[in-house]
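Take the given structure of chain A and dock chain B to it, following the hints.
2 protein chains.
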Amino acid sequence: VAIIKTVSFIGAGNVALHLAPALKGKGIRVQQVCNRSEKKGRQLAQKTGAVFVPDPALMKPDSDLIIIAVSDDAIAELSSRLRTTGLVVHTSGAAGLNVLGKCSPRTGVFYPLQTFRKGRRISLSKIPFCIEADSRADEVLLADLGMRLSGMVARLDSEQRRLVHLTAVFAANFTNYMYSAAEEILDDHGIPFSLLMPIILQTAGNAKHKDIFSLQTGPAVREDHGVMEMHRDLLKEHKDLRKIYDLISKSIIHQKRKHG
Amino acid sequence: VAIIKTVSFIGAGNVALHLAPALKGKGIRVQQVCNRSEKKGRQLAQKTGAVFVPDPALMKPDSDLIIIAVSDDAIAELSSRLRTTGLVVHTSGAAGLNVLGKCSPRTGVFYPLQTFRKGRRISLSKIPFCIEADSRADEVLLADLGMRLSGMVARLDSEQRRLVHLTAVFAANFTNYMYSAAEEILDDHGIPFSLLMPIILQTAGNAKHKDIFSLQTGPAVREDHGVMEMHRDLLKEHKDLRKIYDLISKSIIHQKRKHG
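So the sequence lines, in the order shown, correspond to chains A and B. Everything in the first sequence is counted per our numbering, starting at 1 for the first residue and increasing by one. Everything in the second sequence is counted per our numbering, starting at 1 for the first residue and increasing by one.
Hint data in this document are derived by calculation from the structure and do not stem from the laboratory.
Copies of the same chain are indistinguishable here, so a pair counts whether it falls within one copy or spans any two.
Mimicking BS3-like on lysine-lysine, the simulated pairs with C-alpha atoms at most 27 Å apart in a straight line are:
#1 60 to 102
#2 258 to 243
#3 60 to 47
#4 258 to 118
#5 243 to 210
#6 126 to 5
Only chain A is shown next, with the shape it has when bound in the complex:
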């Protein structure tokens, strides 16, 4: 194949639910959907015009690409049940390419760097796809597929992809938790969270600049211990958040001294 025209899925969770219709929308045929839960598998198959298959061992090997979009723990076992010589990828940030073992001579990774949740549609048009493959030819195929879905493709090896996945935990999962902490405190006092939206969006937009630490504001980077003590006092009912406040503040002060 010169480009990927047909795909099949193993898995019908959040990633597959986003990827399969997007691929279909780009004219790529979704042929088979294999899933442990028959109900969810049949739903996705029906939605994309595919055939439901109950077991990877029963999948026909005629798709240009098989996408395994399941939890990290399940990739090795499910891929080992495949009978194919075609290209097989997983969609995980944390799992290495090697987790696919010898399920096929042609393996790869197609990792969409975004946070997918049930019941929320996210446009794939701006999502970076991190790709990896055993061969240069398959890299080209996956890069082309990523480019058709979005404007952003990065070729990363498994170690680099793990680092990207780790930094996404800081930049997305932990920031979500910071927002959630702020919401909890404001809700307790009947203050609308919407007051924080402009500063949240401004701060997120600022991250596009180089040397993000130079944009650091707030009491810690000013070493304003009076304000920090007042904040600690306000957090006396929130023990977890006070520990987080202390540790991040201390780390900002360390970083400032290193940063010079």
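Then chain B, alone, in the frame of chain A:
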């Protein structure tokens, strides 16, 4: 006065540098700028068509409003030097209304909830102004002034304003530090930070939903200890970040159990 038509400033730092031209742009006359550093004070005065005054004790009491935009520590001393019976406000999130003491029978707070930095212009048009005043009449004046500058004004007492200031540390200062941590790790390995911008912007935009914790994704909320151990291993050269990783992950797991 029915509305505020003239203002004077004490301070010529980031907040004054943003507020004074914005007020002028709305047709409000900036009359006097008082600042410890004569050079910076004269620069702001010149830019806004105001007169420079070296000492608050020498300011003419004929402005509808005097805005004290200085560091928290300096508010009490500078305001005590004023000779006025007009409305005097400070712009601090952390300082109470009472820090203005008895500098005038009419005191208040006009706190713009945004992160201002030197050399970067930020449009005030979407910034919430948190206002407080001794009297209902002065609250109305400050609310009107805030409405003329932006679409968002909130009346908060000093305790509520302190809580908003605290939560802005979590939602903005600490998230900036999370972005900076991610940048440091990616830079070390030559991976472009731009890969993270879509997930950063998506996560920030998600904060407008209620119950932000229900949007939490990532290994901690899944209690995926395998991935967390891998991440800890990747952080072995980053001791501060590993402590932050452990503490926030633990707190997310606690919160999940509380959240149910």
